[in-house]
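S.K.: Hey, can you work out the whole structure from these sequences and the hints?
Protein chains: 2
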Amino acid sequence: MSLKNINSNKSFEGWHKQYTHTSSVLNCEMRFAIYLPPQATIDTPVPVMYWLSGLTCSDENFMQKAGAQKLAAELGIAIVAPDTSPRGEEVADDENQAYDLGLGAGFYVNATQAPWKKHYQMYDYIVHELPALIEANFPVTKQRVISGHSMGGHGALTIGLRNPNLYQSISAFSPICNPTRCPWGEKAFSAYLGQNKEDWKAYDSYEILVQLSQHQPILIDQGSDDSFLKEQLKTESLLTLTSKNTAEITINIREGYDHSYYFISSFIESHLRFHAINLGLLEKH
Amino acid sequence: MSLKNINSNKSFEGWHKQYTHTSSVLNCEMRFAIYLPPQATIDTPVPVMYWLSGLTCSDENFMQKAGAQKLAAELGIAIVAPDTSPRGEEVADDENQAYDLGLGAGFYVNATQAPWKKHYQMYDYIVHELPALIEANFPVTKQRVISGHSMGGHGALTIGLRNPNLYQSISAFSPICNPTRCPWGEKAFSAYLGQNKEDWKAYDSYEILVQLSQHQPILIDQGSDDSFLKEQLKTESLLTLTSKNTAEITINIREGYDHSYYFISSFIESHLRFHAINLGLLEKH
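Protein chains in written order, with the numbering used here: chain E, 393 to 677; chain V, 393 to 677.
Check before you lean on any hint, since a few could be wrong.
No copy is singled out in the list; a pair is fine if it fits within one copy or between any two copies.
[To be verified] In silico lysine to any residue, SDA-like type, Cα no more than 20 Å apart, as pairs:
no.	residue 1	residue 2
1	Lys622	Arg665
2	Lys589	Tyr491
3	Lys622	Pro575
4	Lys676	Leu525
5	Lys593	Gln505
6	Lys409	Phe659
7	Lys462	Glu661
8	Lys462	Phe659
9	Lys462	Gly648
10	Lys509	Phe620
11	Lys579	Gln489
12	Lys462	Ser662
13	Lys462	Arg646
14	Lys676	Pro609
15	Lys462	Glu647
16	Lys589	Asn397
17	Lys510	Thr642
18	Lys462	Ser657
19	Lys396	His413
20	Lys462	Arg665
21	Lys409	Asp617
22	Lys462	Pro556
23	Lys510	Asp591
24	Lys593	Thr572
25	Lys534	Glu452
26	Lys409	Ser619
27	Lys409	Ser616
28	Lys593	Ser657
29	Lys509	Ser652
What the hints contain is simulated information worked out from the structure, not anything from laboratory work.
Since the structure is predicted, the reported quantities are computational estimates derived from the model, not experimental observations.
M.R.: Here is the structure:
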């Protein structure tokens with residue numbers, strides 16, 4: 393699994409870098425970005441926040457627009473931003489090139505249905521192949537936290553909750569909270585996972601949380617003026633849960649904010665601080 | 393001059409908004425973006441930083457990528473980001489659609505040559521029409537500062553220096569410092585201003601500074617690994633000047649940084665603080 397460096401930009405005394413590599417899990421060439429804070433050296437490896445982006449995005453949206461690198465450089469946290477689906481001419485796409493199925497819309501699941509299953513194994517890529525690659529090639533520890541936006545917020549919640557030993561804390565912006573009961577999720581899961589809705593539940597954070605008596609700390613920020621809130625995101629499903637659940641989950645409804653990166657950038661530093669506390673880099677106060 | 397609001401995003405408790413309007417100076421419809429910090433109300437108007445972007449950019453690059461809004465919200469500074477040229481199907485463009493002439497490459501001059509002069513009057517648009525529109529429609533004072541990147545750094549320096557009563561301070565990232573002696577400037581000025589190189593000097597910050605005994609405070613940041621530094625930007629021309637000039641000009645060469653927005657975002661807060669000091673919002677220390 394060799395990496396090819398295709399771009400490097402110094403940023404806040406650290407480095408933003410883009411790489412391509414051949415993914416054996418996804419059966420295609422993939423690109424990812426990493427932000428290495430100035431503290432990251434072989435002698436002083438740093439923990440990693442994995443960031444999962446939303447529909448239509450690549451590794452670039454978060455790195456260019458979120459404004460996360462300043463505080464990541466101060467705290468000493470690396471950030472890894474993978475792509476949102478397998479890519480390439482040989483990879484199946486929606487026949488109408490819809491934005492919410494196929495390329496750019498992997499939904500962080502392992503597809504079981506043709507023609508998707510050959511490449512759309514994003515769950516295994518994020519949980520296993522990519523971290524192994526990162527930990528073998530960069531000055532990072534095995535301490536991981538996970539965050540994401542929209543479809544990537546769904547990915548962060550489901551992947552984090554299903555792997556409590558691998559991710560010390562979970563956060564999300566505007567996550568799709570209950571994909572088995574919203575149009576985006578129903579469309580994608582029907583295609584990738586088939587018609588048996590029982591098979592969908594392993595990728596639905598509401599359904600996972602219902603079954604759990606405890607889990608890692610979770611932080612969610614959601615804009616009140618997000619045009620996708622009621623039909624697609626269903627944050628209210630988690631709000632009903634938290635009233636019954638004693639585990640640590642904080643959901644902030646942010647008045648007047650929308651679904652954009654202007655919203656993410658406004659609150660990303662609070663998410664980095666939340667993860668830094670759970671990584672033992674900052675004290676809680 | 394009526395404004396049409398086409399986009400609004402809450403950001404750091406203030407608002408990022410995009411507008412279109414018919415420009416009588418440019419003879420076309422134009423788009424700009426404004427960031428209004430939470431302090432900006434009719435009773436408490438705030439000063440404005442005008443940001444001029446570089447080749448190929450629009451109003452969006454700075455607003456999405458620079459990470460300026462957090463500190464602008466803290467300091468109470470509005471930011472206005474105009475487009476980089478006139479736009480529209482009726483507007484002349486380079487016959488090969490080159491990135492460095494025509495659309496996206498207005499160079500902040502008043503063109504005197506056909507076919508450019510009908511629309512390419514960016515100097516007057518930035519200095520006169522746009523601020524009048526901003527000051528008539530938003531809760532801002534007449535206090536202005538100006539900044540920009542690359543071609544926009546050239547614009548900020550030349551416009552600021554030629555209008556000392558209108559701009560209290562000037563800053564630039566990676567500016568084209570001596571456009572009369574670099575390929576980008578020679579190509580654009582030949583087209584827009586004609587072959588008489590004497591006519592070019594009014595749009596060359598080095599040539600303007602040579603003639604001035606005093607000027608507003610200037611702050612420039614330049615990456616040492618900027619691939620355009622030697623051939624296009626010619627920062628060394630200003631460095632020779634400052635050794636002879638007692639006026640206030642600071643040029644920071646930033647080791648390892650390139651020409652990208654990763655560089656701008658790394659140092660934008662120091663530029664906002666510099667302008668805040670010159671606007672009397674912060675004390676110098």
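S.K.: Now, for every hint given, state plainly whether the structure supports it.
M.R.: Going down the list of hints, with the structure as the test:
1. In this assembly of identical chains, Lys622 and Arg665 lie within 20 Å of each other by CA distance neither inside one copy nor across copies; the values are 29 Å within and 41 Å between.
2. In this assembly of identical chains, Lys589 and Tyr491 lie within 20 Å of each other by CA distance neither inside one copy nor across copies; the values are 23 Å within and 51 Å between.
3. Within a single copy, Lys622 and Pro575 get their C-alpha atoms as close as 11 Å, which meets the 20 Å cut-off; across copies the closest is 54 Å, which misses it.
4. In the homo-oligomer, the alpha carbons of Lys676 and Leu525 never lie at most 20 Å apart, since the shortest distance is 32 Å inside one protomer and 47 Å across protomers.
5. For the identical chains of this complex, Lys593 and Gln505 are intra-copy neighbours only, at 16 Å inside a copy versus 66 Å across copies, given an alpha-carbon limit of 20 Å.
6. Proximity of Lys409 to Phe659 under the C-alpha cut-off of 20 Å is restricted to the inter-copy arrangement: shortest distance 19 Å between copies versus 24 Å within a copy.
7. Taking identical chains as interchangeable, the C-alpha atoms of Lys462 and Glu661 lie at most 20 Å apart whether they share a chain (9 Å) or sit on different chains (11 Å).
8. For a Cα distance limit of 20 Å, the shortest separation of Lys462 from Phe659 qualifies both inside one copy, at 13 Å, and across copies, at 10 Å.
9. Taking the shortest Cα distances, Lys462 and Gly648 sit within 20 Å of each other only across copies (17 Å), while inside one copy they are farther apart (25 Å).
10. Taking the closest pair of Cα atoms, Lys509 and Phe620 never come within 20 Å of each other, the shortest separation being 28 Å inside a single copy and 45 Å across copies.
11. In this homomeric assembly, Lys579 and Gln489 come within 20 Å of each other (Cα to Cα) only inside a single copy, at 14 Å, whereas the closest approach across copies is 41 Å.
12. Taking CA atoms no more than 20 Å apart as the test, Lys462 paired with Ser662 passes in both settings, with 13 Å inside one copy and 13 Å between copies.
13. Proximity of Lys462 to Arg646 under the C-alpha cut-off of 20 Å is restricted to the inter-copy arrangement: shortest distance 16 Å between copies versus 23 Å within a copy.
14. With identical chains, the CA atoms of Lys676 and Pro609 are at most 20 Å apart within one copy only, with a shortest distance of 13 Å there and 42 Å across copies.
15. Proximity of Lys462 to Glu647 under the C-alpha cut-off of 20 Å is restricted to the inter-copy arrangement: shortest distance 17 Å between copies versus 25 Å within a copy.
16. Taking the closest pair of Cα atoms, Lys589 and Asn397 never come within 20 Å of each other, the shortest separation being 41 Å inside a single copy and 44 Å across copies.
17. In the homo-oligomer, the alpha carbons of Lys510 and Thr642 never lie at most 20 Å apart, since the shortest distance is 37 Å inside one protomer and 57 Å across protomers.
18. For the homomeric pair Lys462 and Ser657, the shortest alpha-carbon distances inside one copy (11 Å) and between copies (8 Å) are both at most 20 Å.
19. In this homomeric assembly, Lys396 and His413 come within 20 Å of each other (Cα to Cα) only inside a single copy, at 6 Å, whereas the closest approach across copies is 46 Å.
20. With identical chains, the CA atoms of Lys462 and Arg665 are at most 20 Å apart both within one copy (12 Å) and between copies (16 Å).
21. For a Cα distance limit of 20 Å, the shortest separation of Lys409 from Asp617 across copies, 15 Å, qualifies, whereas the shortest one inside one copy, 34 Å, does not.
22. Taking the shortest alpha-carbon separations for Lys462 and Pro556, neither the intra-copy value of 28 Å nor the inter-copy value of 33 Å comes in at or below 20 Å.
23. Only within a single protomer do Lys510 and Asp591 lie at most 20 Å apart by alpha-carbon distance; the minimum there is 18 Å, versus 63 Å between protomers.
24. With identical chains, the CA atoms of Lys593 and Thr572 are at most 20 Å apart within one copy only, with a shortest distance of 7 Å there and 65 Å across copies.
25. Neither within a single protomer nor between protomers do Lys534 and Glu452 lie at most 20 Å apart by alpha-carbon distance, with minima of 24 Å and 37 Å respectively.
26. For the homomeric pair Lys409 and Ser619, the shortest alpha-carbon distance between copies (17 Å) is at most 20 Å, but the shortest distance inside one copy (33 Å) is not.
27. Taking the shortest alpha-carbon separations for Lys409 and Ser616, only the inter-copy value of 18 Å comes in at or below 20 Å, while the best intra-copy value is 34 Å.
28. Neither within a single protomer nor between protomers do Lys593 and Ser657 lie at most 20 Å apart by alpha-carbon distance, with minima of 31 Å and 41 Å respectively.
29. When the C-alpha separation of Lys509 and Ser652 is checked against a cutoff of 20 Å, the pair qualifies neither within a copy, at 31 Å, nor between copies, at 38 Å.
Going down the numbered hints, you'll see the structure goes against 1, 2, 4, 10, 16, 17, 22, 25, 28 and 29, while the others check out.
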